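In order, the protein sequence lines correspond to chains U and R. If you're matching positions, the first sequence starts at 1 in this note's numbering and goes up one per residue. If you're matching positions, the second sequence starts at 1 in this note's numbering and goes up one per residue.
Note that these hints are calculated values from the structure, not bench results. Check the hints yourself; a few may be wrong.
Label pairs and their in silico Cβ distance ranges [to be verified]:
1. R:TRP45 to U:ARG86: 25 to 31 angstroms
2. U:ARG88 to R:MET1: 41 to 47 angstroms
3. U:GLY62 to R:SER39: 44 to 50 angstroms
4. R:GLU6 to U:ARG86: 24 to 30 angstroms
Computed from a prediction, not measured in an experiment: that's the story for all the values here. We treat Cβ as the ideally placed atom computed from N, Cα and C, and that holds for glycine.
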Amino acid sequence: MDADDRQLVLMCREGREEAYRQLLFRYEGYIYSLCYRLTGQREDALELSQEVFLKVVTGLPGFQVNRPFKPWLRRVVVNVCLNYLRRRTPETLPLDQPAGENFSLADTLAAGRGDDPQVRLEWVETREALRAALERLPPLWRLVLALRHQEELSYQEIAAATGLPLGTVKTYLFRARNLLRRVFSEIYGWEEG
Amino acid sequence: MRCESELLQAFLDGELAEQKIREVKEHLAACRACRRELSRLKLLWLELARPEAIPLPPELPYLRQQAIAAARPAPRRPEKGRPGFWDIQKLAWRPLSLTTAYLPGSGEVKELVKAAGRKLPGLLLGSLTLTGRLWRLRRAGGKGRGRR
Numbered sequence: 001m002d003a004d005d006r007q008l009v010l011m012c013r014e015g016r017e018e019a020y021r022q023l024l025f026r027y028e029g030y031i032y033s034l035c036y037r038l039t040g041q042r043e044d045a046l047e048l049s050q051e052v053f054l055k056v057v058t059g060l061p062g063f064q065v066n067r068p069f070k071p072w073l074r075r076v077v078v079n080v081c082l083n084y085l086r087r088r089t090p091e092t093l094p095l096d097q098p099a100g101e102n103f104s105l106a107d108t109l110a111a112g113r114g115d116d117p118q119v120r121l122e123w124v125e126t127r128e129a130l131r132a133a134l135e136r137l138p139p140l141w142r143l144v145l146a147l148r149h150q151e152e153l154s155y156q157e158i159a160a161a162t163g164l165p166l167g168t169v170k171t172y173l174f175r176a177r178n179l180l181r182r183v184f185s186e187i188y189g190w191e192e193g
Numbered sequence: 001m002r003c004e005s006e007l008l009q010a011f012l013d014g015e016l017a018e019q020k021i022r023e024v025k026e027h028l029a030a031c032r033a034c035r036r037e038l039s040r041l042k043l044l045w046l047e048l049a050r051p052e053a054i055p056l057p058p059e060l061p062y063l064r065q066q067a068i069a070a071a072r073p074a075p076r077r078p079e080k081g082r083p084g085f086w087d088i089q090k091l092a093w094r095p096l097s098l099t100t101a102y103l104p105g106s107g108e109v110k111e112l113v114k115a116a117g118r119k120l121p122g123l124l125l126g127s128l129t130l131t132g133r134l135w136r137l138r139r140a141g142g143k144g145r146g147r148r
């Protein structure tokens, strides 16, 4: 049976198990991928996905059916992830600051894997370097980056989805991309200035 | 306009007003360093937007089913063969309501008492009103059926 989101939500509200199964099946890949991007860990992403599933099932009665489903779902995922990050991160480790000033390609790769960064620099792929650099970013920076570049949200929409002030969203985005640009500069050997 | 990386980022994000876009374009036409910076940023944008194939773990369907079983609200309508509270009430009261509705003149008792200038106790008055309504409903229903 192929039904759009609205129909499925209406059927869920009647308590029909099959509708819940279809709705969650439709979005489970999206939920897991977003959780994975925000946490960078398989186990964490699984735990968060389960929490999102529960929130969706219990929260559907409060959802306004004349509105699109995906933005609501995204907000649920973002809230679950933010709560999780706040719970898990020690107070001494801020969610919005890089762990150190050194954000060179060598540092990035050294943090990602255990082997000699100088050796790996010679054959590093852009994709791998970018992934390693993203993992080193503060969680909130990673969050706004994922919402901007993967979800294609505007600054205003990111602020609404995360509850962060608009100015903070811009600052996180600019800073995160400046750091990533530095890594790219090393990969491609760009001359600066 | 000065050379500003943040402005170029906002330009690529499509977050600038029309006037500002025009200014940036004019600046880019005249500034080689900014054109170079823009092309570098575009490369980063392309990499960031590239969809990453994240393998889905096999546990997902199990977690999904677990959440549904744990949190799904009970179906709103009772299932066939299992009557709800109001269905039982309707069945239980049916003999009484049918009997009183067919009592000759049950709907007119109240009017008779009123005409005699007497008052009835509240409980009796309420039950008579109910039987009167039922009686009128039955009659109206009977007439409706007769017309067909």
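I'd like to know which numbered hints this structure contradicts. Please list them from smallest to largest. The structure conflicts with no hint, since it agrees with every one listed earlier.
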